[in-house]
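Each residue of the sequence shown is one higher than the one before, counting from 1 in UniProt numbering.
Do not take every clue at face value.
For each label pair, taking beta carbons as the anchor points, the in silico distance ranges come out as [unchecked claim]:
#, residue 1, residue 2, range
1, R46, D87, 48 to 58 Å
2, E27, L86, 49 to 59 Å
3, Y110, E26, 17 to 27 Å
4, E27, L83, 22 to 32 Å
5, R115, Q74, 25 to 35 Å
Capping the alpha-carbon separation at 30 Å, the derived lysine-lysine pairs in DSS-like fashion look like this [what the hints assert, rightly or not]:
#, residue 1, residue 2
6, K14, K3
7, K67, K15
8, K118, K22
9, K22, K66
10, K29, K59
11, K67, K118
12, K66, K122
13, K3, K15
14, K59, K22
15, K29, K122
16, K122, K59
17, K78, K66
18, K29, K118
19, K29, K75
20, K118, K62
21, K22, K67
22, K90, K75
23, K67, K29
24, K118, K66
25, K118, K59
26, K90, K78
27, K122, K62
28, K22, K78
29, K22, K62
30, K122, K75
31, K29, K62
32, K118, K75
33, K67, K78
34, K29, K78
FYI, nobody ran anything at the bench for these hints, they're computed from the structure. Note that the coordinates shown come from a computational prediction; the quantities given were computed from them, not determined experimentally. Every residue, glycine too, gets a C-beta built ideally from N, C-alpha and C.
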Amino acid sequence: MGKERREQRNLERKKRVVKKRKIPLEELKAFVEAHPDAFLREIATRFDCALPSVWAVLKQIKVILKKTTSFREQKPEKVSEFLDILDNLKDLPVLYIDETGIDRYLYRPYAGTPRGEKVYEKISGRRFERINEVEQKLNGSFLIRYIDSQIRE
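Could you put together the complete structure from these sequences and hints?
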């Protein structure tokens, strides 16, 4: 490449495109508070900088990328009722039920927050396309095999 450029008499240096490395801390804090589940690449695009710069500044202002999720459909009363019923059935023979499923669903597993604080989000347990295979096994033999493929809302 250099030889060809010398033969053409074009020895000028190419301009390097360097993205800025300094990010205004207060603007970044405000952006993270407004959009806690933004991906690093979205923050980098917003501030026109590189991903490592965003990561370093988030670390500097002590923002961690963790999120605690629970399901919207989950109700504590039903969970405690189920656990009570399960406790009453512990003397019966064990029936193994195995469900294997493939989900086509995307959600944001991380969110930015200052260290020591938590971000909570309710996620849907039903809005995805899922292929399920359910099998029951009792005393070493399979009883039922069921395959389900549908879109659930």
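Hints and how they fare:
1. Taking the beta carbon of each, R46 and D87 are about 51 Å apart, inside 48 to 58 Å as hinted.
2. At about 51 Å, the CB distance of E27 to L86 agrees with the hint of 49 to 59 Å.
3. Distance hint for Y110 and E26: a CB-CB separation of about 22 Å, consistent with the stated range 17 to 27 Å.
4. Our hint of 22 to 32 Å for E27 and L83 is violated, since their Cβ atoms are close to 47 Å apart.
5. Remark: the range hint 25 to 35 Å for R115 to Q74 is upheld by a beta-carbon distance near 28 Å.
6. Of the supplied pair hints, the one linking K14 and K3 holds, its CA atoms being roughly 15 Å apart against a limit of 30 Å.
7. Of the supplied pair hints, the one linking K67 and K15 is violated, its CA atoms being roughly 41 Å apart against a limit of 30 Å.
8. Distance hint between K118 and K22 is fulfilled; the C-alpha atoms sit about 27 Å from each other, no more than 30 Å.
9. A threshold of 30 Å between alpha carbons decides the hint, and for K22 with K66 the separation of about 24 Å falls inside it, so the pair holds.
10. Note on K29 and K59: the hinted pairing holds, with a Cα-Cα distance of about 12 Å set against a maximum of 30 Å.
11. A distance of roughly 7 Å separates the Cα atoms of K67 and K118; the hinted pair therefore holds under the 30 Å criterion.
12. Between the alpha carbons of K66 and K122 the distance comes to roughly 14 Å, so the proposed pair stays at or under 30 Å and holds.
13. For the given pair, K3 sits about 19 Å from K15 by alpha-carbon distance, which is consistent with the 30 Å threshold.
14. Distance hint between K59 and K22 is fulfilled; the C-alpha atoms sit about 14 Å from each other, no more than 30 Å.
15. Between K29 and K122 the alpha-carbon distance is near 23 Å, which keeps this suggested pair within the 30 Å criterion.
16. Under the criterion of a C-alpha separation no larger than 30 Å, the hint pairing K122 with K59 is consistent with the structure, at around 26 Å.
17. With a C-alpha separation of about 28 Å, the suggested pair K78 and K66 falls inside the 30 Å cut-off, and the hint holds.
18. Between K29 and K118 the CA atoms are separated by roughly 15 Å; this keeps the pair inside 30 Å, and the hint holds.
19. For the hint linking K29 to K75, the alpha-carbon distance of about 34 Å lies beyond 30 Å, and the restraint is violated.
20. A threshold of 30 Å between alpha carbons decides the hint, and for K118 with K62 the separation of about 13 Å falls inside it, so the pair holds.
21. Between K22 and K67, the direct Cα distance comes to roughly 27 Å. Compliance with the 30 Å bound is thereby established for this hinted pair.
22. This hinted pair checks out: K90 and K75 have alpha carbons roughly 23 Å apart, not beyond 30 Å.
23. Our distance criterion of 30 Å between C-alpha atoms is met by K67 and K29, whose separation comes to about 17 Å.
24. Annotation: proposed proximity of K118 to K66 holds, straight-line Cα distance about 7 Å (limit 30 Å).
25. Restraint check for K118 and K59: satisfied, since their Cα atoms lie roughly 16 Å apart, inside the 30 Å limit.
26. The straight-line distance between the Cα atoms of K90 and K78 is roughly 19 Å, inside the 30 Å bound, and the hint therefore holds.
27. Proximity of K122 to K62 is assessed by CA-CA distance (about 24 Å); at most 30 Å being required, the pair is judged to hold.
28. Between K22 and K78 the CA atoms are separated by roughly 51 Å; this puts the pair beyond 30 Å, and the hint is violated.
29. As the CA atoms of K22 and K62 are separated by approximately 16 Å, the hinted pair is consistent with the 30 Å bound.
30. In summary, the hint linking K122 to K75 is supported, as the alpha carbons are separated by about 12 Å, within the 30 Å threshold.
31. The suggested pairing of K29 with K62 holds, with an alpha-carbon distance near 10 Å, which does not exceed 30 Å.
32. This hinted pair checks out: K118 and K75 have alpha carbons roughly 21 Å apart, not beyond 30 Å.
33. Between K67 and K78, the direct Cα distance comes to roughly 24 Å. Compliance with the 30 Å bound is thereby established for this hinted pair.
34. Pair hint K29 plus K78 does not hold up; C-alpha atoms about 39 Å apart against a cutoff of 30 Å.
Violated hints for the displayed structure, listed by number in ascending order: 4, 7, 19, 28 and 34.
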